[in-house]
Amino acid sequence: MTVSASRLLRDHRAVFAGVGVPLLASVLAKQRHAPDLTIVLEGGIIGPRMLAGKLPISTNEMRAARHAPMLTSITDVFLLAQRGFLHYGFLGAAQIDMHGNINTSVIGPVERPRVRLPGTGGANDIASLCNEVLVVTPHELRRFVERVDFVTSPGHLGGGDAREKAGLVSRGPSTVVTDLALLDFEPESRRMRLCALQPGVTVEDVRASTGFELLVHPEVCELEPPAIPDLDILRELDAGAAARD
Amino acid sequence: MDGTPARQLREALAGKPSPPADKLMPAEAAVRLVRDGDHIAVGGTLYSRTPMALLFELLRQGRSGLTISRPLTCYEAELFLVGGLAGGIVTSWVGIGLPWGISRVVRELVEGGRATYEEWSHLALGLRYKAGAMGVPFLPTFTMLGSDLVGLVDTRELTCPFTGEKVLLVPALNPDVALLHVHRADRSGNAQIDGYRHMDADMAAAARTVIVSTEEVVDAERIAGRPDATVLPHFQVDAVVEAPMGAFPHECYGRYEADFAHFDDYVADVRRDGIDAVSAYLDRHVRRQPDFAAFLASFGASRLEGQQARAAELIAR
Chain D
1 MTVSASRLLR DHRAVFAGVG VPLLASVLAK QRHAPDLTIV LEGGIIGPRM
51 LAGKLPISTN EMRAARHAPM LTSITDVFLL AQRGFLHYGF LGAAQIDMHG
101 NINTSVIGPV ERPRVRLPGT GGANDIASLC NEVLVVTPHE LRRFVERVDF
151 VTSPGHLGGG DAREKAGLVS RGPSTVVTDL ALLDFEPESR RMRLCALQPG
201 VTVEDVRAST GFELLVHPEV CELEPPAIPD LDILRELDAG AAARD
Chain S
1001 MDGTPARQLR EALAGKPSPP ADKLMPAEAA VRLVRDGDHI AVGGTLYSRT
1051 PMALLFELLR QGRSGLTISR PLTCYEAELF LVGGLAGGIV TSWVGIGLPW
1101 GISRVVRELV EGGRATYEEW SHLALGLRYK AGAMGVPFLP TFTMLGSDLV
1151 GLVDTRELTC PFTGEKVLLV PALNPDVALL HVHRADRSGN AQIDGYRHMD
1201 ADMAAAARTV IVSTEEVVDA ERIAGRPDAT VLPHFQVDAV VEAPMGAFPH
1251 ECYGRYEADF AHFDDYVADV RRDGIDAVSA YLDRHVRRQP DFAAFLASFG
1301 ASRLEGQQAR AAELIAR
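As they're listed, the protein sequences go chains D and S.
For what it's worth, the working numbering labels the leading residue of the first sequence as 1, then goes sequentially.
For what it's worth, the working numbering labels the leading residue of the second sequence as 1001, then goes sequentially.
Simulated from the structure, these hints should not be mistaken for lab results.
What you are looking at is a predicted structure, and each value in this text was computed from that prediction instead of being measured.
Do not take every clue at face value.
What the hints assert, rightly or not - Quick look at which bits of chain D chain S covers, simulated, 3 or more residues with Cβ under 8 Å:
# : region
1 : 105-117
2 : 138-152
3 : 155-168
4 : 186-197
5 : 217-230
Built from N, CA and C at the ideal position, the CB exists for glycine as well.
Sequences and hints are given; from them, build the entire structure.
If you want it as structure tokens, here you go:
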């Protein structure tokens, strides 16, 4: 999953990454095929280099800021995204729906939530403002729901041109990468569509882990498995994450 | 001070000490500037450059009816809610960090209707402080549009009179008091921050009263030797408190790393005893300590020096 996500990132771009798999995938991309990818973190950090074995736990700490050519304020970093400088927004998802809307706020009614989740942090801003949004998340039935309980981070909202009509000025989610598959959004309906499978996974496997009617691309291909160097780098960066993949 | 007209906000600054007076005072005196019912903006973010020495003093003194705002809140928010000082938080995120899971304390209080969590996007909250800092009543943005966050908080959509685009207006946030921790300040309040600045400068400019704790108090000449690092001019600042390691157990860029083991212990206690663990933490680390220096001393010198050594390694070029 991390390796597949890293391969989406092209060189000479700026990626606004959250901690966890998005950051790991960004660091991997820099080491493998995108040396001039600029990592941007919400803690006011532009262009840091991560140290193997010392990955940050949050995007607001010294580990996240090593060798960064620029440290500024949180607000200023998000304003770079609003201006349009940041190509990729890279997010995880607690709950995602068929149109790529993400919920990290509440399960159940807002007034008296059944589960009060941590909240948006910068996720809403990344989803609202970065040119293109990539989502990486484990493919589980409880995560892939028909409608999220609450739209924390806007995807394609109700589908079609709903996102544009809401006034959002960027494209929104283009790709969802999971441990089972790679999915895009069908251009008209903006519904999630299966494009490619992780090695050894079937279309039925993906359907069984998806809580809505899944569109399937006419030509579903298989994703390249991770290469040995990918796994070596991940293992060196963060033993825990490499084991998960 | 939500929705206060600009003239009134400007008049509220009249009481500030405008000549470069000596504002150095103990935390105990500085924190007395906080009144019951105040909106407190807490500087830094998550576990970085939190004004912990000031917060602990405030927790020791006690207040009621406070509202706490912060870009991302860490466990200090739990101390204020459980300690009975604050009934609500205004933020974009609560917790400590991914390894420690969702905040059980905030969950229990908010799900039980005993505390409020007003959720803004990270940038929207930043723009609220920025509008407050700019002396204007709102700022337009494209963030948060279309999301359900818009329905929870006080925003307005407007068609831009110049381009015809839809924009979201977020209202200025002018806190009653901003509590900040900085790397160095002189006695009059000229204050410098190293590394990332979080939202501190905007909070300070927006607030009516600004209390600054500092790793070290330095001569005015030393501040003037690096004027580009100065983030707050003296006339914004009402009180200066000398507090070495004053953000601990959180980090201060280049000075000391956050004490993750302390978070582990805290979260383990909360998992075992629930909200009672937060009260126990307040008793042990705040109320039974005469001051912040005593809290620091309880960790032992070698542990504190270890945190400092790790910071030096992390910012080494």
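Structure-based check of each hint:
no., hint, verdict
1, 105-117, "holds (count 8)"
2, 138-152, "holds (count 3)"
3, 155-168, "holds (count 6)"
4, 186-197, "violated (count 0)"
5, 217-230, "violated (count 0)"
In summary, the numbered hints that this structure violates are 4, 5.
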